[in-house]
Amino acid sequence: MSILDQGPPDYKKMIPPIIKDNYGKWIYHEIPKPGVLKHVSETGDELFSVRVGSPRLISLDFVRNLCDLADAYCDGYLRFTSRNNVEFLLSDASKVEPLIAALTEKGLPVGGTGASLSNIVHTQGWIHCHTPATDASGIVKAVMDDLFEYFGSMKLPAKLRVGLACCLNMCGAAHCSDLAIVGVHRTVPRINDEKIAKGTEIPSLVASCPTGAIRPNPKAKSVTIVDDKCMYCGNCYTMSPGMEIMDGKNDGCAILVGGKVSNARNVPSFSRMVIPFLPNNPPRWPEVTDAVRMIVEVWIAHARKGERMSEWIERIGWERFFTLTDIPFSDKLIDDYIFSRETFRTSATFKY
Amino acid sequence: MDKGAANPEIKDKVVAYLHTVQKAKSKDIATAIGEKKSAVDLAVKELTAEDICEYLYITTTYICIKGKVGAPE
Amino acid sequence: MTEKKTPQLDELEKGQWPSFVTEIKKAAATNAASEDLLHLLERSYEDRIGHWKHGGIVGVRGYGGGVIGRYTDLPEEYPNLAEFHTIRLAQPAGWFYDSKALRSICDIWEKHGSGLTNFHGSTGDIIMLGTTTDHIQPAFDEFSEAGFDLGGSGSDLRSPSCCVGPARCEYACYDTLEACHNITNEYQDEIHRPMWPYKFKIKFSGCANDCTASIARSDCSVIGTWRDTIQIDQDAVKQYAADGLDIQDRVCDKCPTRCLKFNSETKELTVIGEDCTRCMHCINYMPKAIRAGKVKGATILFGGKSTIVQSAFMSWVIVPFMKMESEDDFAEFKDLMGRVWEWWDENGKTRERIGETIYRLGMGKFLRECELPPVPQMVFRPRANPYVFWPQDEIIK
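Chains as they are written, first to last, in our numbering: chain H, 36 to 387; chain S, 65 to 137; chain Y, 13 to 409.
Be a bit skeptical, because a hint or two may be false.
Below are the DSBU-like pairs computed for lysine-lysine, each with C-alpha atoms no more than 35 Å apart in a straight line [what the hints assert, rightly or not]:
#1 Y:Lys279 - H:Lys48
#2 S:Lys87 - Y:Lys361
#3 Y:Lys123 - H:Lys141
#4 S:Lys130 - H:Lys230
#5 H:Lys284 - Y:Lys65
#6 H:Lys256 - H:Lys233
#7 S:Lys87 - Y:Lys346
Sample of chain S residues with no beta-carbon within 12 Å of chain H, all distances over it, derived [as the list claims (entries may be wrong)]:
#8 Ala80
#9 His83
#10 Lys100
#11 Lys101
#12 Ala103
#13 Ile116
#14 Ile129
Everything labelled a hint here was simulated from the structure, so no lab data went into it. Quantities reported herein were computed from a predicted structural model and do not represent experimental measurements. Don't be surprised by glycine CBs; every beta carbon is placed ideally from N, CA and C.
Go ahead and model the full structure; you've got the sequences and the hints to work with.
Right under this line is the structure:
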């Protein structure tokens, strides 16, 4: 029999003794080398965390492998980060290098600290999502392979946080990332009257459309779409499987840049679209990896030390961003949805 | 949500109402039977534990009589 | 099993980043559903579309959340994916584990599921990826025996999550783990029994660096802060200067309010306390020399959500400062949540996140009806138009 409402396991039983002893007593931390954090407590205790990249979609073998390493090097304790990295927690400094050697032997990358590219936060994509416009794990793998050198080093101008969302529902909250890859549809849903008639509440479906493009079609117990009003958000498809929006020839990815969530220096900001569409070209999405690398390299070449993507772009100006990256600007990048006005320039000062 | 035991009369009213519809949000049940929503939520909690009702997720979560709505086709 | 090939996915086993394809293959060695998943994904790579249908009615007795129904649209070709549901398990606060707990999860999932997982899903739960309808209840029975409960799904409170907090971070302005654990336990009904217009997420970040991305990813963001002035250790400042940190350039000039003054002769750093907005930049750069103030707590913000439908919203400041230390403080937070949820439940349309409800009906109405005092910290700047909805009792009759 199941136990109802016992809640999550008690974290107090999952934290290692060194953390119990120094809970709330940490006074500073250093990054002795990429992927290793050293936290120092007011008691004088030192805790070493070794950060490891993971593909997030993992087998039980992988989890048990982590357990074996935790048992061998950190008395069985480990944690995961908000970006799906694994962190081994060591109270014994002499075990750090042997652990890193063991991880390297198993092909697990150590890094993601300081001015580096951390793991890409992403969604399920074609693995398990029912509304995707692109895959998630495949693009993430391709981009992380391509930018691998920046995970295990700290030579970027500042930290680089990349997010990927396989549709506009954005389960991965890519909308506030330094660089975001977002799955987009480009064609009007194909209406399947039979499916809609079978199990869809027409008023809810009509109401789900943010632009009012969907009208009831009582004769067919279905709906019609005003094509010109549809901006392919896919919300209607979430409401009804009869609004078939997935289109293998036309779905793809948009690239957005310059978002962040931290309050440090400038306030949190949304990522902004700079490339409206790149094709889905599995298995390695070369158009996407090339665009991401190009933007990252221009940022590296031009940003001042410590400047995140958003700070760099806001300092030089978005108009200069397009000059430096040579990304073509088009009317597709000018907002025409409901909160557009604040993005239009209302000043005679700008750059070329 | 309220704590404690549900009012059996409200439970009966919820079941009676759910027999007249395919599915409903608990807010709409509360309006239809003229009871406080928090009391309906509590009644639903017990009715689902008793296997009389169940939660149903179709883009938002509804409540229905158990078995009334099947898997997607 | 027929010998089907996966040339596109095989390509993704190359390269230095750990491969999810290798992981699926490992699971596929002993599990027929994972084997089918591999081939279905290859099919998606050929067709360039997904092959999953909308969720249906699956769950465990007594709960309305925590299990997500999933069915492939090609069940004849991939029979082991005819049902491939997800179970969400609530994660321990801060995502701390011991190997015993992780191994118990593995043993249960080996018996009842595909052998594939996500550590973790976007909201924070442990994601057990792929099982059949028949296995859901037995799997849950065993998970709960092992000390794990289900997380949220559907129109309920989703599993709250928090940053590493005081367990391993000197920046934490309140105990994010205890707050998350305490508040998660208080709201088990709200997590397991969906009753709202739509989903609701809470994230706890210990400081304004916001490592859980709470401002972007949660309807209620609880972000650690302090009310008084940062504390500066001048000896440590001198040490940073001696070690070669360009304090003027890297710290003072980057301060958004220019409230820090560095005296290059005495090597002393001073702050104009009332100008500081507590952004964390100087503390991030000089953790040994600069610490948060002594009066610590959290800023409570509401309304964050992603793009669908009315554009993405970041959370808005609703309570600039709330203590988050004791059970009494948590009680104050819960009292606030109670009022806010009741208002949203009353006013929200189906599938409307609270940020959208507040925006549609007006912040003024939300504040008045939830008895929240309006303060200037809530806005970047006041309104530019004079269209005030005047209360009738302020009008001369």
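Each hint tested on the structure:
Distance hint between Lys279 (chain Y) and Lys48 (chain H) is unfulfilled; the C-alpha atoms sit about 45 Å from each other, more than 35 Å. Taking the CA atoms of Lys87 (chain S) and Lys361 (chain Y), the gap is near 17 Å; set against the 35 Å cutoff, the hint holds. Among the hinted pairs, Lys123 (chain Y) with Lys141 (chain H) is consistent with the structure: their alpha-carbon atoms are about 26 Å apart, no more than 35 Å. For the hint pairing Lys130 (chain S) with Lys230 (chain H), the CA-to-CA distance comes to about 23 Å; that is within 35 Å, so the pair holds.
Proximity of Lys284 (chain H) to Lys65 (chain Y) is assessed by CA-CA distance (about 20 Å); at most 35 Å being required, the pair is judged to hold. Between Lys256 (chain H) and Lys233 (chain H), the direct Cα distance comes to roughly 9 Å. Compliance with the 35 Å bound is thereby established for this hinted pair. A hinted pair counts as satisfied when its Cα atoms are at most 35 Å apart, and Lys87 (chain S) with Lys346 (chain Y) qualifies at roughly 31 Å. Non-interface call for Ala80 (chain S) relative to chain H: holds, since the shortest CB-CB distance, roughly 22 Å, exceeds 12 Å.
Taking the minimum C-beta to C-beta distance to chain H, about 19 Å, the non-interface status of His83 (chain S) holds against the 12 Å cut. Distance check on Lys100 (chain S): its Cβ is at least 22 Å (rounded) from any Cβ of chain H, clearing the 12 Å threshold; non-interface status holds. For Lys101 (chain S), the condition that its CB be more than 12 Å from all CB atoms of chain H holds, with the nearest at approximately 20 Å. Against the 12 Å criterion, Ala103 (chain S) stays outside the reach of chain H, whose nearest CB is about 19 Å from its own CB.
The Cβ of Ile116 (chain S) lies farther than 12 Å from every Cβ of chain H, with a closest approach of about 16 Å, so its non-interface assignment holds. No Cβ of chain H comes within 12 Å of the Cβ of Ile129 (chain S); the nearest lies about 17 Å off, and the non-interface call holds.
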